[in-house]
Amino acid sequence: MFTEIDTVTLDDPATETVVNRVRYGAKRIKGKPVNRQNKTCEIRQEWVGHVRRIRETQDQAAFAELFQHFAPRIKAFLIKSGSDATMAEECAQEVMATLWHKAHLFDPTRATVATWVFTIARNKRIDVLRKQRRPEPEDLGWGPEAEPEQDDVIALQQETAQLRTALKALPEAQRQLIEKAYFGDLSHREIASQTGLPLGTIKSRIRLALDRLRHAMN
Amino acid sequence: MENNIKHHLTDDLLMAYAAGTLPEAFDLMVATHLSLCDHCRARAESFDAVGGHVLEDQAEVAQMDQGSLAATMALIAQGAPTSKPVQPACSVLPVPLQDYVGGDVNAIRWRPIGMGVKQAILPTTRDATARLLFIPAGVAVPDHSHHGTELTMVLQGAFSDEVDHFARGDVEIADADLHHTPTADISEDCICLAVTDAPLKFGKLMPRLFQPFLRI
Numbered sequence: 001m002f003t004e005i006d007t008v009t010l011d012d013p014a015t016e017t018v019v020n021r022v023r024y025g026a027k028r029i030k031g032k033p034v035n036r037q038n039k040t041c042e043i044r045q046e047w048v049g050h051v052r053r054i055r056e057t058q059d060q061a062a063f064a065e066l067f068q069h070f071a072p073r074i075k076a077f078l079i080k081s082g083s084d085a086t087m088a089e090e091c092a093q094e095v096m097a098t099l100w101h102k103a104h105l106f107d108p109t110r111a112t113v114a115t116w117v118f119t120i121a122r123n124k125r126i127d128v129l130r131k132q133r134r135p136e137p138e139d140l141g142w143g144p145e146a147e148p149e150q151d152d153v154i155a156l157q158q159e160t161a162q163l164r165t166a167l168k169a170l171p172e173a174q175r176q177l178i179e180k181a182y183f184g185d186l187s188h189r190e191i192a193s194q195t196g197l198p199l200g201t202i203k204s205r206i207r208l209a210l211d212r213l214r215h216a217m218n
Numbered sequence: 001m002e003n004n005i006k007h008h009l010t011d012d013l014l015m016a017y018a019a020g021t022l023p024e025a026f027d028l029m030v031a032t033h034l035s036l037c038d039h040c041r042a043r044a045e046s047f048d049a050v051g052g053h054v055l056e057d058q059a060e061v062a063q064m065d066q067g068s069l070a071a072t073m074a075l076i077a078q079g080a081p082t083s084k085p086v087q088p089a090c091s092v093l094p095v096p097l098q099d100y101v102g103g104d105v106n107a108i109r110w111r112p113i114g115m116g117v118k119q120a121i122l123p124t125t126r127d128a129t130a131r132l133l134f135i136p137a138g139v140a141v142p143d144h145s146h147h148g149t150e151l152t153m154v155l156q157g158a159f160s161d162e163v164d165h166f167a168r169g170d171v172e173i174a175d176a177d178l179h180h181t182p183t184a185d186i187s188e189d190c191i192c193l194a195v196t197d198a199p200l201k202f203g204k205l206m207p208r209l210f211q212p213f214l215r216i
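Residue numbers (my numbering), protein chains in the order written: chain W, 1 to 218; chain P, 1 to 216.
Bound conformation, chain P alone:
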């Protein structure tokens, strides 16, 4: 839990997370942020309560099949599904991210994309993309714009751009209007989770060096 988070998630993202209609990559961003931010977790659980009322107050309910309760008791008798072991909470990657990486920062399989910047794309459904970014301390990512909606959350270190300063737990929400030059703080290498609903494109020339920057 971080108490100094200044940049939070928006109501529409939290409501869509509660409704369960976000692409998987965005669910991962929200779950990761909520792991660090009780302010947003309380807001998200309020939207769950709205869902509780929608479920409760439906005009018509369905008829369960004959023997439905007995079938459910038989399901219960088969035993609980094995629950996953509890991971340490005080790591760089919150638990939802560790589930995708298969461990903490040491387990991330980085791929260099130039100037010491590295990325690791996480396995989610293809309607949006989630990836981890590594920006060495003091490095500036060249001026770039965005396609679609992009959310970037700091997990380690911090960065600054024309908008503000972003530290662990802070989320920067960027749309096509934002041109910025994020620069990692000099004190520590910066690790971020970034998600976008724009399709990932890899060109043939300059792909590994410059294209990724256009998409950060």
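Same shape as in the complex, but just chain W:
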């Protein structure tokens, strides 16, 4: 590769292309892949922007779009978890209202909007259907002064897209069991036989984000 670069003169337009390709490769190796034309990723990025608009300007149009996408999914999730339609409707509205109120707590370097919405919906299910408190770990807040790096946001969103691809590639029977687990149909003993999921590198990506938060807090 380097020999190839050496053979062209610096003012040759082809040089720039080759050098760029080399830099591009190096950047990927450093663990910060550049955004590509990936539709799923773009959609998720857009949701991140929606949450930011709610946080910064209480943007009702952004909220309406999030609502249109997520509320029917939350409602379906709750119905599959054993709720009747009336309660699921009520809870889906409350989950979306929580999303509005907690928009400042969303950290796009650790979760996609879908992941975050899932955690709010899950906690609502524990509260309403199981009538149980939900202990959560200590908050690791990031203030407005610690705006996350765009590269880190993109990297996490891409890792999550890869996880989705890996999950979709699982045998149908295993995917159904995972769904059952998350709809609350498997006990934790039954879940024990379901571990070994293709979590890939998302764990280390989130770990890096946590390390940065800890560093910022000290």
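I should point out that these hints are in silico values taken from the structure, not numbers from a laboratory. Careful, some of the hints might be misleading.
[Unchecked claim] Computed footprint of chain W on chain P; a stretch qualifies when at least three of its residues, placed anywhere within it, have a C-beta under 8 angstroms from a C-beta of chain W:
{"hint": "1", "segment": "56-68"}
{"hint": "2", "segment": "71-83"}
{"hint": "3", "segment": "91-101"}
{"hint": "4", "segment": "131-141"}
{"hint": "5", "segment": "150-159"}
[Said to hold, decoys possible] Computed Cβ-Cβ distance ranges for the label pairs, DEER-style:
{"hint": "6", "chain 1": "W", "residue 1": "S193", "chain 2": "P", "residue 2": "A176", "range": "11 to 21 angstroms"}
{"hint": "7", "chain 1": "W", "residue 1": "D151", "chain 2": "P", "residue 2": "P142", "range": "24 to 34 angstroms"}
{"hint": "8", "chain 1": "P", "residue 1": "D175", "chain 2": "W", "residue 2": "Q58", "range": "45 to 55 angstroms"}
Heads up, the beta-carbon is just placed ideally off N, CA and C, and yes, glycines get one too.
Fit chain P to the supplied structure of chain W, relying on the hints for placement.
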């Protein structure tokens, strides 16, 4: 945050925590451990991401009622629920435990169970039990076995048993096969959080002295 944790939570516990299917006492154990352990917190949040995909990729979605968005905007207009004040992070009890105790170690309402050992049962749903244990420095808890699954996490001091040495943040996972004699380190009194999914039984004779040991 503790960087020297050697004994972590298992994948099945973290996945069940993400799925929201654990008894409350086990949720409390996981939340307490995650407050001290970023390694497990990253693993737990990865399992949240799996949940995000389950939510996102459902084959069928539900139809929202007429006027649903307007009703939600009305909910939002009522204002945010009051958020709880942020507690200091550098205490013995991580925040999730402080929520159950009503403060840090000084707020724990200990009950003696013999040989200087004390316990405080925490208010959770009855499908599992969570309690704090106080073992004086250097004291050995008599040889005992377990019923069901029991998790013990060190919050202060340390203990050793036939398996290993456990310090702040370390979780020992015991099942019916484990017979052990945990001994608190001599340097400091040991405080642990212990959860079990076996029912708590209190006999009539020797209840306060020996029965609790059988269940540690």
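Index of numbered hints that the structure contradicts, given in increasing order: As far as the earlier hints go, 4, 5, 7 are violated by this structure, in ascending order.
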